[in-house]
Amino acid sequence: MLARLRGGLLGEWLALWGIALALVAAATAWAPFARLDNVLHDALLRAAPARPSPDILIVAIDDRSVHALGRWPWPRAVHADLLGILEKAGPRVIGYDVLFVEPERGTPGDEWLARALAAAAPVVVPYLVEVPGEGSAASRIVLPAGPLARAAHLGHAIVKADADGVVRALPRLEADGQPLAHLADVVAELARTGRPPSAIVPASGAVIGVRPALRIRFREGPAGYPQVSFSDVLAGRVPPEFLRDRIVLVGATAAGLGDRHATPMSGRLETMPGVEVLANHVDSTLAGDRIRLPPAWAQFLFTALPLSLLMLGLLRFGPRVNLWLGLLWAAVTLAASALLLWLGRVWFAPATALVGLALIYPLWGWRRLDFANRFMGAELEALASEPAILPRRHPPPPVGDPVARQVALMHAAIQDVRDLRRFVGESLDSLPDATLVTDLEGRILIANDAAVDLFHGRLAGPLLGLGLEPALQALAGDEPELMREARDLLDAIARGDRATRSTREWRLADGTDLDVRLAFFSDDAGRPLGWILRFVDITPLREAERQREEALRLLTHDMRSPQASILAILEAEGAGLPDGLRDRIARYASQTLALADQYVQFARAALTRPVLEPFDLNEAALDAADDLWPLARARGNRISTTVPDGEALVLGDRALVTRAIQNLLGNAIKYGRRGTAVALAVTRAGDDWCLAVHDEGPGIPPAQLPSLFEPFRRLAAPEGRPPEPGAGLGLAFVKRVVERHGGQVFATSTPGRGSTFGFRLPAAPPRPDQAADATPAAAARARAAS
Amino acid sequence: MRCAIVDDDREQAALVERLLARAGHHCDVFWSGPALLSRMRQETYDLVVLDWTMPGLSGLEVLKSIRQGPYGRTPVLMLTSRADDADVVTGLEAGADDYVVKPVVADVFLARVGAILRRAAMNRPPATSVRHGPYLFDRATETVHFQGVTVKLTAKEFALALVFFENLSRPLSRTWLLETVWGTTAELESRTLDAHVSKIRAKLRLRADMGYRLLPVYSYGYRLEGIEAPAPQGETVAVAGDG
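Just so you know, the protein sequences line up as chains A and B, in that order.
Residue numbering for the first sequence follows our numbering, starting at 39 and increasing by one per position.
Residue numbering for the second sequence follows our numbering, starting at 838 and increasing by one per position.
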């Protein structure tokens, strides 16, 4: 039953695990917890920001510059002047994040700017990419106006935020499958190698695609990089050394110019100017610490691992341990994620795993509860449909609401158990025999009223919870024999020996005779549960037996003694009597003796339990034949004894069986013709040993045969002979003894030819294991007690 | 030999006294146990014939007193009207050397008395060959010759048979037999002795027609008995049995 429960739970567990893995796979593909991932990602970046590179300088078109130089946009000449100043200072690369897509009409500003661009150290200017383009065109590409496009390196300057409006990477665009370079990438490449990256500048109408880009490892900020105001550079207030050999990025920071973005570094309210995003990108690219996203399978494993570990824990540990385990796995997941981000520059999103860890715990609790509930429901239904021990008094459980039904069934089952417990207790108490119920170790669980009475006065303190050892010792007192018996019983219990002798007879010091019975009880599946020890008070029974025995002894003695004395007188002083008279008196005295013996033996055979020991029936036959030999000689008969080779083992009381054979032989000699043989034979008959005594007498009419074994039946004397002495108990004794040994008597006769009387006894196994119990001392004890 | 007879039944006592006197023994007769016990403080007896059932102190109690007294080794033969095996065993275990069930049959009684007295005086040097009735025991070859045949016995069978003949008419307890022949009583199956008795009974033809009976003393042991002649009161023997 419990195995089924366990198996079912394992099934539930496997199902839940499979579902969890499937959900993780789906979550890896669709990232439903991307927001949480992003929050964690940004927080982790903020927690350990890198230091901005001092090589990068931002020339900011800030509010002060707008105030000094007038409203934006400024004439191209202003930009040309700035470039001229920068060129003289000698920066490494200039990234000029200002769109010059419309031509400046009516001035030669474009020409001046083109010359300045060409003259300055490599300059990168943005071009415009619009998707979609005008009309049905896939895109519109607008290059810097006129000569400007040829005077500088070009790069697009698109800054694209993630779904949550936070910029974490600059997009990698492609046009018709060809990569387009971002302005920041071009700047970084020029700074690193002095050459622009191999990229194309697309034409309008090209299909623009976006490829996954490495994320920017943002530096401290916003405003983390050294920054100088455009107007200050233009006014010559910035020393040229400050600009020399630096990567100079020119771009708008003024609030009114709009080019500001939320970044991981900018927190909730602050934003970061576009030019600083570019600076971060260039910095991160040159430092080589941009952040990769792992392949999907790696992300899957990263998420599935802690979940699986927790599920294993669910299978193995209790709820409390699992709560702590869940928290531990969540912390480990988060820590792993952070360390990989900071040191490995790869972002494993932990949110799915965290959510999963939080969900699996209650989910599993629910499944387990549900399963246990169903199991219990099924068991209760089964119990309700099984036949009851006690009459059921409960209303039938309501059909419909399963919970109400289950509660009703549960209530009924509990009530049944209570009733049963009461029933067991009252049943035991109503037993007349002292009964102890113990567990396997022999601790007393139940003691009925009779048991309490039995131990009252012998044992101080309550029986319940006590071990059997002190209880039995209290019964045994100081009697060494009883102490041995108690030890033997306790040993049998300690060994769990179910095959131990189930009944024992104890005679306590106060004369109480107890029949001690040990029984084993087990559960529904046959597994051992405990022992039942019953003490039957057989004092009156034994007392009656003793009195009966005493009566028999007195009877035999009082009847025999005078006869023996008569015979003694005849022997000692009978010489003076006439021969015939002396012989007649002697014969009658002998007859009376024989009658007393016969009667006592018959009564004892009927009343006492035969002692069962293995013995050789052949030997008993020879004993009887030897015993009757003088009589046979006196009558002129022979006894021919035929026994098989080897032993004819039977189980029984050798003395009783020998006497039975003597009776058969005695009859055969008495009723056989003088000078004939009496044949005594032991033969095997199936599972029995058969003993037959045949005489060559006058035979018995068949009609008389069945009644011969009844007590006080006597045969009519053969013709011409005086009636044989006897009480008619000889054959009745044979029948009683044989039947008490599990055998049968038989008699056949052919009138005029002779009769055969005999019996069959079940053969004992050749090597009887009762031998141990049938030691002479034990047999003598049993006999003395009977 | 000096014998004491204790019996409250004077007729029985007279018979026993007559039988013992016929066998050449001197007898003192006591009507009760205490009379014997007080006399035994001054007198030494070679044999006490003790009736079981007496008013006052029973034969069994007298026997126990004798065994606990200074003449504890005096041989005791119990006379009993009780034909019950359990009583016989009780008497033998209490220390009686033998028992005879009433009515007293002269031959049997004298054979038993002889066995007891013989044993008390017995101190026989071992000889290589011994004759017992028709049987000639040869210790060297562990064979027995009788009626012109030679029977080979096993060592244990030979020893057991010899023990029986050397203790003719005496009840021998199982424990004593096992200790004497096997040297131990431990771990021997109780059937072992029965099987050996059965073997020697068959091999030596220890049957009534050879003049011997090898009888079980139920719950006690065995006794080998010689038969001189058929008992005249055969019927009594037939139905009453003897043990």
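For the record, the hints were derived by calculation from the structure and aren't laboratory data.
Possibly wrong hints are sitting among the right ones.
[What the hints assert, rightly or not] Counterexamples of contact, computed for chain A against chain B with all Cβ distances above 12 Å:
#1 GLU587
#2 HIS595
#3 ALA602
#4 ALA627
[Unchecked claim] If you only want the chain B side, here are some residues facing chain A, beta carbon under 10 Å, derived:
#5 GLN849
#6 GLY861
#7 HIS862
#8 ASP865
#9 VAL866
#10 GLU979
#11 THR980
#12 LYS993
#13 ALA996
#14 LYS1040
#15 TYR1055
Idealized CB from N, CA, C, for every residue including glycine.
Far enough from chain B: is every CB of that chain over 12 Å from the CB of ALA602(A)? Per Cβ check, ALA602(A) is inside 12 Å of chain B; nearest 4 Å; violated.
Would ALA627(A) pass as off the interface with chain B, using Cβ distances and a cut of 12 Å? At about 8 Å from chain B, ALA627(A) fails to clear the 12 Å cut-off, so the statement is violated.
Do the numbers back the hint for GLN849(B), that is, is its least Cβ distance to chain A under 10 Å? Where the cut-off is 10 Å and the nearest Cβ of chain A is about 5 Å from GLN849(B), the hint holds.
Could you check if GLU979(B) really has its C-beta closer than 10 Å to a C-beta on chain A? 22 Å, violated
If you take the shortest Cβ to Cβ gap from ASP865(B) to chain A, is it below 10 Å? 18 Å, violated
Checking the smallest CB distance to chain B, is GLU587(A) really beyond 12 Å? Non-interface label fails for GLU587(A): nearest chain B Cβ at 9 Å, not farther than 12 Å.
Could you let me know if the closest chain B CB is still more than 12 Å away from the CB of HIS595(A)? Violated, since 5 Å does not exceed 12 Å.
Min Cβ distance, GLY861(B) to chain A: is it shorter than 10 Å? Hint violated; GLY861(B) Cβ to chain A Cβ min 18 Å, cut 10 Å.
Just to be careful: measuring from the Cβ of TYR1055(B) to every Cβ in chain A, is the smallest value less than 10 Å? Result: holds, 4 Å to nearest chain A Cβ.
Was the hint right that VAL866(B) lines chain A, CB cutoff 10 Å? 13 Å, violated
Hint status (Cβ of LYS993(B) to nearest Cβ of chain A, threshold 10 Å): 17 Å, violated
Was the hint right that THR980(B) lines chain A, CB cutoff 10 Å? Violated - the Cβ of THR980(B) stays beyond 10 Å from chain A, reaching only about 21 Å at its closest.
Hints 1, 2, 3, 4, 6, 7, 8, 9, 10, 11, 12, 13, 14 from the earlier list are contradicted by this structure; the remaining hints agree with it.
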